[in-house]
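*Asks:* Chain residues, written in single-letter form:
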Amino acid sequence: MSFLKIDKINVYYGDIQVIFNLSLTVEKGEVVSIVGGNGAGKSTLLRTISGLLFPTSGQISFENQKINSKQPEKIVDYGIIHVPEGRKLFSLMTVKENLIIGAYNKRAETKIAETIDNVYQLFPRLKERENQLAMTLSGGEQQMAAIGRGIMAHPKILMLDEPSLGLAPILMKDIFAAIRKIADLGTTVLLVEQDVKNSLSLSDRAYVLEHGQVVMEGSGKELLKNPHIKEAYLGM
Amino acid sequence: MIYLIEDIINGILMGSIYGLTALGLTVIFGVLKVINFAHGSLLMVGMYVAYWIITATGIHPYIALFIAAPIMFFFGYYLQDIIIKPIFKAEKNVREPITVIIVTTGLWYILDNLTLLIFGPQYRSIQDNALKGAMLEIGEIFISVPKLCGAITAVITALAIYLFFQKTKTGRAVRATSIDRETASLMGINQYKIYNIAFGIGTAAAGIAAVTLVPFYNIFPTVGVLFDIKGFIIVVLGGLGSILGAMLGGIIIGLIESVGPQFMSSTWTEAIVYGLFLLVLFIKPSGLFGIKQDW
Ligand SMILES: Nc1ncnc2c1ncn2[C@@H]1O[C@H](COP(=O)(O)OP(=O)(O)OP(=O)(O)O)[C@@H](O)[C@H]1O
Ligand SMILES: [Mg+2]
Numbered sequence: 001m002s003f004l005k006i007d008k009i010n011v012y013y014g015d016i017q018v019i020f021n022l023s024l025t026v027e028k029g030e031v032v033s034i035v036g037g038n039g040a041g042k043s044t045l046l047r048t049i050s051g052l053l054f055p056t057s058g059q060i061s062f063e064n065q066k067i068n069s070k071q072p073e074k075i076v077d078y079g080i081i082h083v084p085e086g087r088k089l090f091s092l093m094t095v096k097e098n099l100i101i102g103a104y105n106k107r108a109e110t111k112i113a114e115t116i117d118n119v120y121q122l123f124p125r126l127k128e129r130e131n132q133l134a135m136t137l138s139g140g141e142q143q144m145a146a147i148g149r150g151i152m153a154h155p156k157i158l159m160l161d162e163p164s165l166g167l168a169p170i171l172m173k174d175i176f177a178a179i180r181k182i183a184d185l186g187t188t189v190l191l192v193e194q195d196v197k198n199s200l201s202l203s204d205r206a207y208v209l210e211h212g213q214v215v216m217e218g219s220g221k222e223l224l225k226n227p228h229i230k231e232a233y234l235g236m
Numbered sequence: 237m238i239y240l241i242e243d244i245i246n247g248i249l250m251g252s253i254y255g256l257t258a259l260g261l262t263v264i265f266g267v268l269k270v271i272n273f274a275h276g277s278l279l280m281v282g283m284y285v286a287y288w289i290i291t292a293t294g295i296h297p298y299i300a301l302f303i304a305a306p307i308m309f310f311f312g313y314y315l316q317d318i319i320i321k322p323i324f325k326a327e328k329n330v331r332e333p334i335t336v337i338i339v340t341t342g343l344w345y346i347l348d349n350l351t352l353l354i355f356g357p358q359y360r361s362i363q364d365n366a367l368k369g370a371m372l373e374i375g376e377i378f379i380s381v382p383k384l385c386g387a388i389t390a391v392i393t394a395l396a397i398y399l400f401f402q403k404t405k406t407g408r409a410v411r412a413t414s415i416d417r418e419t420a421s422l423m424g425i426n427q428y429k430i431y432n433i434a435f436g437i438g439t440a441a442a443g444i445a446a447v448t449l450v451p452f453y454n455i456f457p458t459v460g461v462l463f464d465i466k467g468f469i470i471v472v473l474g475g476l477g478s479i480l481g482a483m484l485g486g487i488i489i490g491l492i493e494s495v496g497p498q499f500m501s502s503t504w505t506e507a508i509v510y511g512l513f514l515l516v517l518f519i520k521p522s523g524l525f526g527i528k529q530d531w
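These protein sequences, in sequence, are chains A and B.
Just so you know, the numbering used here puts 68 at position 68 of the first sequence, and the rest follows in order with no gaps.
Count along the second sequence starting at 1, add 236, and that's the number in the numbering used here.
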């Protein structure tokens, strides 16, 4: 059985269907990417996994338990942590408070001091700025804080929605390196990205999403060489 | 001159109590993003609760506080949980659901009329309490002891709520929910439970305000209405969602009411209060001090 298994889900916003009969799996320890253009349904998929949206049909299971149509705070208890698109830090709270609140769930709350050290090791910039309000951080720092807040929750699987969005290339490299490090330390990662090249390079496997459907899947390396990917996403 | 100083002091003291009556309103708004039109009624319920505790047991009003405040906390907690929460769930995607405001208006009428039905329209007051009519004499200045106690309680309550929001795990969760409820739920925070807690805290604050009032204020079923209107004016003056703003707004109203009659008839002071309210709404809707939510 798969770690995370999505089986033929359909998702609507009101009357508008956005995800069509979509299935995918993530195995323990993998880094899996979901790539696709604007409006393909990537964020919708993550929001459905984390319980912000409910599928109208199909099933999502995690460690062999059915988890779809459960409230988001319940999904967090399973160890599925969603770092949403656009950082969504708590603007009027300090960096440190944002990190602490990331560890709100029961599995994480007893290990706050230890985890915060790990986050500061991964992102030393956050340590320097721990008492600064989140809203005053630069875009790159905000992304670090958002990922850090996700790590604070002790995820079994960390879902990142476009962590490279709006970052300068040099910062982007740092962020992707950090994601690789998180995975190497043993956390399963489900990565949603528009930066196809970088995300496929660091992923074990990937799915290509178009119009709410999986149109292609394979290992990161395979897909990087695929002519359709090259043309549609890499501009080659 | 002496009279002026006395009026200023009493204005500040009574104003702090007004601030306390508005504290819960500002807390509930900060989290639920909804004006609670039943807030004055909660204060009224608190006054009856305090009245019954004090007259039934004969204990000092400020000891009754430690019984009334928890009772009011749970009253607010379950009021939100049982009556308001279902409406919130039905309007899940609306940030400031109008229907919830309508429900709180309904609660106001129900609570006031239920009280009228059960306890009758008569005015009640606690005749033989330790604080009634007590005066502190400093030189030629007379200070009302129950108002002084009330003002001190107001400041302590405001500080306690502030520290709770800043320093505790639940307090942080309340703040996170007030900033962004969806993202808070991605942290594992149950937003509806946080609403219950915020409503409970707001109601407990109204209960504490009620206890400080009963030693010198009459109790009747519509007493809340007076404080309701004052409460709205105070939170608008001070900035919606601001604890410091509620206290300062309360003190301004207290000062106008107490010092004003030195210079004009007291109907005019009321006109000034409403005039200031409208002026602030027109010119500086973020409140007189421009304080944003400060917790
Ligand atoms: N709240 C909403 N109500 C209605 N339609 C929505 C809503 N959110 C997203 N959609 C629609 O669903 C589709 C998929 O959106 P989604 O945000 O999942 O795309 P995405 O792949 O994450 O795109 P991007 O890369 O731009 O973030 C889009 O057509 C979008 O317009
Ligand atoms: Mg998206």
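Hint data in this document are derived by calculation from the structure and do not stem from the laboratory.
There may be inaccurate statements among the hints.
Result set (DSBU-like, lysine-lysine): computed pairs, CA atoms no more than 35 Å apart in a straight line [stated by the list, open to error]: (1) K96/A - K368/B; (2) K111/A - K368/B; (3) K66/A - K127/A.
Example chain A residues on the side facing chain B (calculated, C-beta under 10 Å, incomplete) [what the hints assert, rightly or not]: (4) I67; (5) Q71; (6) P84; (7) M93; (8) N105; (9) R149.
These numbers come from a predicted model, not from an experiment.
Yeah, the Cβ is synthetic: ideal placement off N, Cα and C, and Gly gets one too.
*Asks:* Which hints, by number, does the structure contradict?
*Replies:* Violated hints (numbers, rising): 1, 2, 3 and 4; every other hint is consistent with the structure.
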